[in-house]
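Asker: Note that the protein sequences, when read in sequence, are chains A and B. The first sequence maps to residues 253 to 406 in the working numbering. The second sequence maps to residues 21 to 206 in the working numbering.
None of these hints come from the bench; they were simulated from the model. Mixed in with the good hints there might be a few duds.
DEER-style ranges, computed between Cβ atoms [claimed, not checked]:
no.	chain 1	residue 1	chain 2	residue 2	range
1	B	T127	A	R302	16 to 26 angstroms
2	A	P359	B	P51	51 to 61 angstroms
3	B	T33	A	R302	17 to 27 angstroms
4	B	G152	A	D387	53 to 63 angstroms
5	B	L185	A	R311	47 to 57 angstroms
6	A	R302	B	A134	23 to 33 angstroms
7	A	R328	B	S112	42 to 52 angstroms
To list a few chain A residues with every Cβ distance to chain B over 10 angstroms, as calculated [stated by the list, open to error]:
no.	residue
8	D324
9	L357
10	S394
11	R399
Note that the structure is a prediction, hence the values are computed from the model and not measured. Where a beta carbon is used, it is the ideal one built from N, C-alpha and C, also for glycine.
Now for the letters of each chain:
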Amino acid sequence: MMHGVAIPPFERFYEEHRVEVLRVLRRRLGPERAEDAFQETFLRALQAYRRLEHGEHLRAWVITIAKNVAVDTLRRARPTSELVEAGAEDSRPEYEELAPLTDGLPPKERAAVVLRYGYDLSYDQIAAALGSSEDAARQAASTGVRRLRGRTSS
Amino acid sequence: MSISPDLDLRFRTAAASLGLLDLGYDVVETPIGPLLVAASDRGLASISYDAEPEAALDQLARIAGPRVLRSPPSVDEARRELDEYFEGRRHSFDLTLDLRAMPPFTTEVLRELAKVPYGETTTYGALAARVGRPRASRAVGTVMNRNRIPIVLPCHRVVGSTGNLVGYAGGLDRKTALLRLEGALL
Chain A
253 MMHGVAIPPF ERFYEEHRVE VLRVLRRRLG PERAEDAFQE TFLRALQAYR RLEHGEHLRA
313 WVITIAKNVA VDTLRRARPT SELVEAGAED SRPEYEELAP LTDGLPPKER AAVVLRYGYD
373 LSYDQIAAAL GSSEDAARQA ASTGVRRLRG RTSS
Chain B
21 MSISPDLDLR FRTAAASLGL LDLGYDVVET PIGPLLVAAS DRGLASISYD AEPEAALDQL
81 ARIAGPRVLR SPPSVDEARR ELDEYFEGRR HSFDLTLDLR AMPPFTTEVL RELAKVPYGE
141 TTTYGALAAR VGRPRASRAV GTVMNRNRIP IVLPCHRVVG STGNLVGYAG GLDRKTALLR
201 LEGALL
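Chain A with its partners taken away, still in its complex shape (with noise of 0.2 angstroms):
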């Protein structure tokens, strides 16, 4: 059994983490959007909160989710102009090619493709943005990658 962190009362980790999730999500996003973001990700957070294991990686985890948030509100903006300016503040616009290919994979899948080749993300903080084992989010994946292979050679 492992001795992990405690977890901290989420007041704590909110105060602790906010101004650079605002920071984060502004870059992606811009001051407008990331507003909305912001509440999004601290509300998925504190979903999540309740089945965190431990109190460890609490900052890479929640930069996890506001990139998650960041990239579910380009994509829902997708057909809208700002797009283009808000993509092209990001320094890894990567995401941009990935999403409309990877569209059609099964949600955990498509997720955990877009965190590790669009945001470069490690499979700890992958799966701590996805509530699974690092094996896991290693599995989803190569399964997603395999599955995208498949699709674009046939």
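Go by the hints and put chain B onto chain A.
Answerer: Below, chain B alone, put in the same frame as chain A:
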């Protein structure tokens, strides 16, 4: 860069209204000082005279879980009833209470305590007798001292057998003030 108060409050309000909190808390101002009030979806769970949240957070998390967040709407009901109480317009509370994570003896004593009427006092010994443990007045004193929901569970109405105030976790000044407010003391 900082978070705008509006954005911050929107998140805190959404968290409470979506039912995602184990406990929501806020500071309630009263004539006897600020109170840190916390409630869950089961009811009022804690009132603390130490209104400094940082100190209370871990304690609150031990009651109901780690999803503890300052969220004003969570304690709206409690705030309203406390306001009315301190204005002298309310003599009993209608709030449901979250008494989880308490030993059975504590719960039993607190349930009896809740029946002590506004403006009256009882003694530690009398309360002990009412839970069928007439010799447990010391243990009753300990329960009073650790009462998680003072004011609403009126441990200020419990005094020594000779009528001396004995003690109060929030300080004797506050005990005196509450008994004066209720007209139990001149």
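Asker: Just pull the numbers of the violated hints for me, sorted ascending.
Answerer: none
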